[in-house]
Each structure stands twice: as C-alpha cells, then as structure tokens.
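All chains should be modelled from the sequences, with the hints used to inform the complete structure.
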Amino acid sequence: MPLKDIKHKSSVFHKIIFTISLFVILFIGAITFKHINNISDSSKLLMHTYEVNLELEHLFSYIKDSENSMRGYLISKDTLYLEPYRTATKNVNNTFLQLKKLTYDNPQQQQNLQDLFKIVNKRYEYMKTYSEQNRRVDISRNINFKKNFRESSKLLVDIRDKLNEMVDLEETYLKKRNSEYNDQIYLTPILTLGILFMTLMLLIFAYNQTTKDVDKLQAANTKLNKSQFLSYQAEILSHFGTWEWNLNNDKLIYSDNLYRILGAEPQSFEANNDNFLKYVHPDYIESVNVIMQKILDNEELPYSYFKIQRADGQTRLLRATGKLFVDKLGNKTVLGVTEDITEEHLKGELLKSSNEDLIKVNNELKIFDESSRQAEILGQYGSWVLNYDTLEFKYSDNKFRLLGCEPQSFNPSIDKLLEFVHPDDRQIVIDANESAMKTKQIPTMDYRIIRSDGEIRHFKTIAKSFKDLSGVASMIGTTQDVTEDYIKSEQLKIRNKELEQNIKELSEFNHVASHDLQEPLRKIQTFISRINDKEKENLSDFGKEYLTRIEKASNRMRVLINDLLQYSRTNRTEKIFEKTDLNEQFNNSLLELSQNIEDKRAIINHNKLPEITGISFQMQQLFTNLLSNSLKYAKENVAPIINVELSETVAKNESRLKDSTTKKYYKIEFSDNGIGFDQENAEKIFLLFNRLHGKTEYQGTGVGLAICKKIVETHDGQIFASSQLGQGATFTIYFPV
Amino acid sequence: MQEDYILITLADDDEDDRLFFTDAFDELKINTVVNTVKNGRELINFLDHPETVLPNIIFLDLNMPILNGIECLKEIKLNDRYKDIAVAIYSTSSSEADVENTFVLGANIYIKKPSNFNDLKKILSDVVTINWQYHTSGLNKDNFLLRL
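Protein chains in written order, with this note's numbering: chain A, 1 to 737; chain B, 738 to 885.
Calculated from the structure, these hints are not laboratory results.
Careful, some of the hints might be misleading.
[To be verified] Calculated lysine-lysine pairs in the DSS-like style (CA-CA distance at most 27 Å, straight line): (1) LYS814/B - LYS534/A; (2) LYS154/A - LYS118/A; (3) LYS775/B - LYS814/B; (4) LYS64/A - LYS100/A; (5) LYS146/A - LYS64/A; (6) LYS536/A - LYS766/B; (7) LYS536/A - LYS859/B; (8) LYS858/B - LYS536/A; (9) LYS775/B - LYS523/A; (10) LYS652/A - LYS663/A; (11) LYS858/B - LYS534/A; (12) LYS416/A - LYS504/A; (13) LYS552/A - LYS814/B; (14) LYS394/A - LYS467/A; (15) LYS608/A - LYS664/A; (16) LYS667/A - LYS632/A; (17) LYS15/A - LYS216/A; (18) LYS579/A - LYS600/A; (19) LYS122/A - LYS90/A; (20) LYS64/A - LYS122/A; (21) LYS90/A - LYS128/A; (22) LYS101/A - LYS64/A; (23) LYS307/A - LYS294/A; (24) LYS44/A - LYS176/A; (25) LYS766/B - LYS534/A; (26) LYS536/A - LYS523/A; (27) LYS608/A - LYS652/A; (28) LYS544/A - LYS775/B; (29) LYS523/A - LYS859/B; (30) LYS635/A - LYS600/A; (31) LYS523/A - LYS766/B; (32) LYS652/A - LYS664/A; (33) LYS416/A - LYS440/A; (34) LYS858/B - LYS523/A; (35) LYS858/B - LYS544/A; (36) LYS552/A - LYS766/B.
Fair warning: this is a prediction, and the values are worked out from it, not measured in the lab.
The following block contains the structure:
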C-alpha cells in the first residue's frame, strides 16, 4: 500500500511542477519577445531620426547649392550657372517629398515641414525673380533687386532657423528615444538571465525530486524482488503455487511451483484450462469444470478441493482459492493460490483415525494385559523391561513369583537378580548384562536360580531391544521357568542315549550276523564241499546221509542269515528316492530269477509298468521277492503262470485302502496259479518269520513277504494278499501316483 | 622261470581260508606261485623287503588284525614301487560300504569268498586269467564286484 501511495503522489507532484515551469517559461518567453520587439522598434525610431536629420541637412545644402548657383548666375550672367540651380531645385523638391514621407506619422514635424516648404517656396520665388530681372536689368543698380536680395538672404536665415528647429525637435525625439532604447537594452539581459535562472532552479528542483522518487522506486523494487523471491521459496516449501486468470482476455499464468505440484517441469506447457484438466484426477474433472465456471461467474473462488493425478501415477489432493483483483486500467484478474494438501490431509486423517483407534487399542491393550497376566501364570513366565537411559528394571508380577517372592516386593536391579542366580551361573547373567549394554542384544540365556524357598529352578531368558513411540530405548525380555521342560528334556536325553546304544548294539549284531556268523558257516560249507569232493567215497552210507543233512542244515542257516541281513538292510540303508522306471527293475528281477524261471518253466506275463519316485534297488527286491514267492509256492507238476497287471485307480474305489479321498494310485496285481492259502491268513503271511507251511515242504524263512511289506510301506503304498486254498494267490500293490 | 609263473600273495588272518586258497591253486592247472601272509603289516613288510620279487596279484582280506585290508590298500597305493600291482579284495562280506570304499581307494576287483570249494576254484581261476590291462581300463563300479 505505501508503494502505491508514493507512486501516486510523486506523479501528481511532477505534473504540477512541469505545468508551472511550462507556464513560467512561456510567460517569460512572451515578455522577452516583447522586449526584443521594443528594442528593435526603438532602434528603428533612432534610425528614423537620423534619416530625418540627414534629409534636413540635405535640404539645406540643396538650398544653399541653388543659392550659390543663383549667385554665380547673377554675378556672371552666365546661364551656365543656371543648370546646377535647376538640379538643386529638383533635389530640394525630392528632399521635401522624402521628408514628407519620413515624417508622415509626426504631425508636429509635418507642420514644421509645411512651414519650411512655404519659406523655401518664398525663397525660390525670390530667386526666380532674380534670374528674370538679371536678364533685363542690372542688379547692382536696381533697388528692388537689392531689397529682394536682402529679403531673400533673410529668408535663408529663416530656413536655417526652421531647419534648426526641426533638427532640435528631432534631437529631442532622439534623446527621448535613445533613453528609451537604453532602458530596453538594460532590461533585456536581466530578464533573460532571470528566465535562465528560474528555469535552472525549476530543473534542479525537478531533478532533485525525480532522483528522490527514483531512489524510492528502486528501494520499492528491491523490496518487491525480495518478496517475490521469498514467495517463490515459500511456494516450494509450503507446496503451493499461484495463478493469475485475466478475465478480460482469458489468459492464464501459472507460477513455477504450480507446475511442480502438477508433477511437471516449470512452464513446460501452456497455461490454460484444457491443459490443466489433463492433470485432474478422472473422478474430479466434473467438479473442476464447475469450479472454473464459478470463477468466471462470481469472479472469485472460495476454498475448493479436488484431486489430481500426476504423470508418475501419484494422486494428490489440492486446495485452491482466488480473489478478484482490478488494476488501475480496469483489468479484471482473478489471483489464486493452489495448495498441495495431501500430506496435511493424511496427517489429519491419521489423527482422526488414531483418536478413534486409541480408545479401541486401549481397550484391546487392557484385555491383552489381563490375558498376558494370566498367560504368565499359566506358562510360568515373567516379563521385564530394562530402560537403557535410566538403567531401571521393571518386573511383571509373575517375574517376582517365579523368584518365589511377592509381586513388586523389591526394586529389581541386576545386582538383586544376581543374588538369586545360582553361583555357578552368575557369569552367564553378568556376560549377558554387559552384552546388553554394549550391543543392545543378548543371546538366549539358560541359567539356574535359587528361589527364595531354596529350590533350584531352571530359567530361560530371551530379550530384544525395543524403541517405544516416544523414542525411549529399552530391552524387553521374557524369562520362563523351564524347570519341568528341563527335567523332561534331561530324561529324553537319557532315553535317546539308551536308544542310540540299542541301535548301535543292533548294528553291531548285524555286523556279527553278516561277518562273524557267516564266516564259520562259510567255512563249514566249504569243508563240506571238500569232503563231498574228496572223501565222499570213503564214507559209509550213514556218513553220506549225515553229510547231506549237515549240508542242508548249513544251507538253510545261510538262507536265514542272508534274509535277515536283507531285512535289516531294508531298514538301514540310505533312502534315496529318485525317478524309477518299474519296467527296468522288473526286468532286472526276471534276469535275477532267470535260472529259477527256466527250471520251473514258468510263464510270466506283464503289462507296461509306470515310472514312480522310489528307491530303485528296493523295487527290484520287491519284484524278485514276489515272483520268487509265486515260483516257490507253485502247484507240483503245474507250470507256474504269473500275470502282472497295472491299472490306475482312486482311493475311494478301493475299500482296502480305507481312504475315501480321490487320491490317485497305481494298482499292480501279481496273480499266480499256485497253491494259494486260506484267506484268513492273508495278513499273517506278511509277518516276519511267519510260515504257513513246514520247511521241509517249501523252503522259506518267512522273511521275503515281510520285506515286501516293508518296501511298499516305505513308498507310501500298501500291499494286500488274497487267495483261496488251491486257487492261486493275488498280491495287490498300491503306489501313490 | 619266474616269467612263466604268476606270482600271487594273499593276506588273510584266517588259517582255514589260507588253506582253501592254497589248496584251490594247487588243484588249478595254472602256473602260479602262491605266498601267504597273516595280516596287512606282514604284507607291507614282505613287499618292502628288498629281496622280494613283487607279486603280480595281491589278494587282500579286509577283516584282519594289526593292519586291516583298507589301511593296507591305502599304503600299497601310496608306494610308488608297488602301487601298480593288481589288488583283488577277498572278503567274507560284500557290504555296499566295503565295496564302495575299496573301489574308491583303487582296488581292481572285489571277490566275495564263496562257500563252496568248487566255486572258489572257479573264481580264483577267473581272477588270475583276467586280462588285467583290459579289465583295469574298463573298470567301473558295475564290473568291480566279480560275480559268479
């Protein structure tokens, strides 16, 4: 506002000064002009006076000339003298005309001139008579002539007087005019100087005033620049941009920061409503259009809110407002501010929601607090907080109970805690405390305490550093009484050790069975073969018979040992599951049993088998055992026929699987035409060392099918046997697909 | 004369097995000179002895006192002088672990002691008449364990 004042005042002031100076100069100029005119008039008058004087002199001299000539004529009577007389007379006439002309504006001089003319005429009258008389008479004797001559001479004096009178008159004029002229000459420089001086003064004053105004303007300009710079910074800092909408020519100007708010480079596009609308969030285009119309209608903009979508996809909430500004030229411009209030809005929302949430959270906290109190008691644990700044400890009620004390019965501290800790475990707690102070973390601690009633309890503590919302750093820990768990785990450890011992012993037994038992047996068998080869002929029939029985018994023992080993190996060996082509394993089995199959003239038919994920050598073992089982229990004198069939099925269709889901299974059936067995023994035959027949009838250890069951179960499958005595048997295997 | 004979050394602590071994070669119609020692240490001492003419094939039992077959095999393979002698493992067990171990350590063939004298004769005759060069070059885990 003061800026505008200064500007206004100064311009009016200047105008006044310039008007005044203009008038003064014009005025002075006019005066000066008049003066100079006067001077020139005066000088003209002066000249005039001189001219009149000069003419008067001429007149007198012409009269004299005519006089002289006349005299000459009179004396000499020579007419030659009459020529100059005529010329002088002519000149006198001319001079009179001249004088008449010169003095036409001066009545007094005219009068004088007329008087003079009369006298001169008179004089010429006289001279005329001379010349005529001269021709006829002798002048020197003529009294009339003498009288006339005297008269004429007297007239010449009159002319002289008249002329002098006129010259005197002119002289007075001259004097008067001269003094007037001198006055004028004296005044003119003073006036001119005065004008110059006045003008100079005015100029100095105006210059002074202008300089002052320019200084003021410069100061104002600097101020304006500064405030513009500040507002530029303020725009960036406060996330607002300004705009001007000239309603007269509908032109828009956006500030740099308004472009930034829109997520664009400053002045990167022409400021107009269509371009602006490109940035407006699709949901708000309608309402922004309404806002723009409002600006045009009301020539102002109350607070309006809308959302924009930046090129990078960010959605921002904006608030805009504007007011009409009319400048001196009457231009209507709406000046507006558009502000990005996304952050404020979020904060506001957060605050609003957090207030509502606070009550809810508070309630939940209370519930949680109570439930954790109960949980502490049930779970035999207590919690504690260590404030890093104050080194204060806080224990929950149950933490006191765990130490055998009443809740909050003492001020917890590390020293106080150490009093409870078992002397052998104090170092653990001291180390943990140091670690907490240095690295703000502690490892999981296991230590014993001696409760106030003297009982030793096992504690486990875990803790973590934590910074609460107010920025206070602390360590929050939970300590649990794990005495029961500890005792249980100690018992378990002992059990485990026993079990490990058992397993070790078992594997040692396996070793004994595989090596130490086999070795003597092998030797026995070798010796038997030696005797059979070398000494058989030397034996009696009894001896031979006994030797045969020894051989059989030792063979059986070998089979038993081998089967046992195989069975235990099924358990022990590393189980590497891999893609296994059952066809390959089946063919391996056929190869392994080829001699047996050939001996029995068995016919084996089989479908293409699937590929499963399994332990390949176990698959081969499974097939070998099943096939050899069928071969072994073939009907006497009937060539065994074994059919292997594959089909796919789902669990719920197979009642034996006792599974009602739709899990898919491969179903492989081994059916033979052997002696079969009673269905009631269908489960028994898979038990270890279980035999349905005397060992003399059918060789077997009762291990083979037990191994089969084990292998199938290892592969998440199931195996079943179904048969009727004398009707052949069917073994069905299910493998999950 | 030595070049016509195949020199064979057996290291086995079991007296009976040594007997079967020598008997088997006695009955085989192959020109062999069989020498037996009672454990791995004795075998190494024998091989190290400067006057010993190195055997063509060493038969090595695994389960022996003092220096067992595995340790003995390692020592043989570390010695530049006799690391190239063919080594046949001659054991009661044919456990996967033993077969695997000895194969890795560089044994040439693995024989499980048979429980029949005729089988023994056959297997020993097979081993001795193997073209070693051919066998060793094509040696893999599948043909390492010699089956009857």
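Now the hints, each set against the structure:
1. LYS814/B - LYS534/A: violated (40 Å)
2. LYS154/A - LYS118/A: holds (14 Å)
3. LYS775/B - LYS814/B: holds (20 Å)
4. LYS64/A - LYS100/A: Holds, at about 20 Å.
5. LYS146/A - LYS64/A: Holds, because 19 Å separates the two Cα atoms, which is no more than 27 Å.
6. LYS536/A - LYS766/B: holds (23 Å)
7. LYS536/A - LYS859/B: holds (21 Å)
8. LYS858/B - LYS536/A: holds (19 Å)
9. LYS775/B - LYS523/A: holds (18 Å)
10. LYS652/A - LYS663/A: Roughly 8 Å separates the two Cα atoms, so the pair holds.
11. LYS858/B - LYS534/A: holds (14 Å)
12. LYS416/A - LYS504/A: violated (49 Å)
13. LYS552/A - LYS814/B: violated (43 Å)
14. LYS394/A - LYS467/A: Given that 27 Å is the threshold and the Cα spacing comes to 16 Å, the pair holds.
15. LYS608/A - LYS664/A: holds (18 Å)
16. LYS667/A - LYS632/A: holds (24 Å)
17. LYS15/A - LYS216/A: The hint holds at about 18 Å.
18. LYS579/A - LYS600/A: violated (33 Å)
19. LYS122/A - LYS90/A: Distance of about 16 Å is within 27 Å: holds.
20. LYS64/A - LYS122/A: The hint holds at about 14 Å.
21. LYS90/A - LYS128/A: Given pair LYS90/A, LYS128/A holds - Cα atoms ~14 Å apart, limit 27 Å.
22. LYS101/A - LYS64/A: holds (22 Å)
23. LYS307/A - LYS294/A: holds (18 Å)
24. LYS44/A - LYS176/A: holds (13 Å)
25. LYS766/B - LYS534/A: Holds, at roughly 17 Å.
26. LYS536/A - LYS523/A: holds (18 Å)
27. LYS608/A - LYS652/A: holds (24 Å)
28. LYS544/A - LYS775/B: violated (35 Å)
29. LYS523/A - LYS859/B: OK: LYS523/A and LYS859/B at ~17 Å, within 27 Å.
30. LYS635/A - LYS600/A: holds (11 Å)
31. LYS523/A - LYS766/B: Satisfied, since the Cα-Cα distance of roughly 24 Å is no more than 27 Å.
32. LYS652/A - LYS664/A: holds (9 Å)
33. LYS416/A - LYS440/A: holds (21 Å)
34. LYS858/B - LYS523/A: Given pair LYS858/B, LYS523/A holds - Cα atoms ~15 Å apart, limit 27 Å.
35. LYS858/B - LYS544/A: holds (24 Å)
36. LYS552/A - LYS766/B: violated (31 Å)
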